[in-house]
Amino acid sequence: MIRLRDHWFYLVVLAGLIVLPLFTDSDFVTAVMPSGLSGSALLHVFILMFFFAFMSQSWNIIGGFAGQLSIGHAAFFGIGAYTSTICYIHLGLSPWLGMFVAAGFTAMIGAGLGLISFHYGLRGPFFTLVTVAFAEITRLILLHWNFVGAANGILLPYSRDAGFWDFQFNGKEPYYYIALVMMLCSIALVAWVARSRFGYYLHAIRQDEDAAEAVGVPTKRCKIQAIALSAALAGLGGTFYAQYTQYIVPDDMVVGRVSVEILLGTVIGGAGTIMGPIVGAFILISVGEATRVIFEGGGTGISLTTLIQSDVGLAEKFSGYLAYLAGGGGGGLAVLLYGVLLIAVVLGMPGGVLPWLTRKRKSFAKSDKKGDS
Amino acid sequence: MSLFEARKVTKRFGGLTAVNAVDFNVQQGEIVGLIGPNGAGKTTFFNVISGFMKPDEGDVRFLGDSIVGHKPSDICKRGMTRTFQIVKPFPEMTVTDNILVGAFNHHRDAATANKKAREVMELVGLGAQAEKLGRELTVAGRKRVELAKALATEPKLMLLDEVMAGLTPSEVTGMIEVLGRVREAGVTMVIVEHVMQVIMNLSDRIYVLHHGEAIAEGSPKSITSDPRVMEAYLGESFVAEPGGEHAS
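If you read the protein sequences in the order shown, they are chains A and B. Quick note on my numbering: the first sequence kicks off at 1 and runs consecutively. Quick note on my numbering: the second sequence kicks off at 374 and runs consecutively.
Note that these hints are calculated values from the structure, not bench results.
Stretch by stretch, here's where chain A covers chain B in the computed footprint (C-beta under 8 Å, at least three residues):
{"no.": "1", "region": "435-447"}
{"no.": "2", "region": "467-478"}
{"no.": "3", "region": "518-529"}
Built from N, CA and C at the ideal position, the CB exists for glycine as well.
The task is simple: from the sequences and hints, build the whole structure.
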């Protein structure tokens, strides 16, 4: 049984998130937001958080629970986006239905990839290489296939009277709630998996495949099911992304950076836990957006050579570099910080932020009890 | 019909024949010991009959059906499971969850599986360590978890690969008690063991492997006086003096 009392922290956060859009235009929010940032930008940040939390949760099933490191989830994400978009443009199928077509299709591709890899007993880094190769092949196909717009991608047709069935909305609020609901559904799904036989089997596989096989775990089948489920979720995420940005292009979506961002949230938050990917994605997006806001504009327009040759003090030069990375380098500073964060977590909190916090709380509770007696 | 039967099982690694045409059978309710000097092929034989390796020749039958080429998890579903000499508890799971994974073999539902896991935990004497993680256990604890995981799959036949290795004499005594209880619960067992005290105490019948071949089979008593066995363990010169000390 899930006891609500144990989850009060998450419930409070959830309540806050539900009412947040009502207050984005209030004086208070405008006052605390950095200058030049609107309420809708704030919503955008939260949509990104929910979206990445959802994607991280998708990766969590195969990468976290089953321990099969995929660095190719951007491919499932991209294929999902293209599938529902093509269904929408060419068949007139509502993206609401298209997203499930996309999920079914990516699940099949995921299962196929799993079948090939696991049939030949590819484990650890070898499976990872397959996922990397698969993502790259997917990118190249999308990049050169004229039917799907090749390198130009697809601009979704915008219509003023697009309705609910077109999955197109004017404000950010509808997207905000859709993303929130998707994230909540992914949490519910993973929570269910974690308590089921399937979840225990995946955990067992991650820790020792031979031992799992010996006690009756059909390891190959479980891993294929895990990657199919994970790919299906990533496909759903792809549709959301396509409908939210209204523009899909291979070089923005099916690239290593996206694959890494998807898994980074889970690894930092706590792979194989229920809330870890959510916590991790929130941390990552907060850090990324904060650096963007803080250093915004500072570096734009300055080329690196000018910076190196310029006749200023070392301190100024250093802040110039930071600004360059943040602005001119296309959010490079955020990536740098992700790296630092990852190293810090791996060294200081093995297992992720959430398991670390849980351990701290437990040992705190223990010492508390000792104090009482 | 035998519960389990291996017919002319052969396994080669390149030019080395690790197991050579071994015939082996187990009847319902028996405890069968498998002994042999280091390198005799015991573990290879175990890997072959438990489905982790494919035999090059011969057949392995369980409950009358051939299980050659089946995955270990399939074989486990049919009611035969094994433990590993180098124990493999799931390190990041609690003892309860370790056993639970095994209990899921026949119970899809978490609540029933949990009940089964608790039963096994009591039988094996792990109750006090239920919440410890796999990696936090002592060698004796790990061996018990290994046994409990296998037992939780509700096997008809259990293959135990050196469950006593690395245990202190008092821990060995404890483990023998546990195995006695397992036998009372109606589980047939095959045990590979170096500790002679265990083999002699528990086995109804013993097979002796040497250089990959089954050189002798019989009751513990007949095995200890078999000249071929003594030769295999002690070398030829000892056979001439049957009054000498046995290896332990």
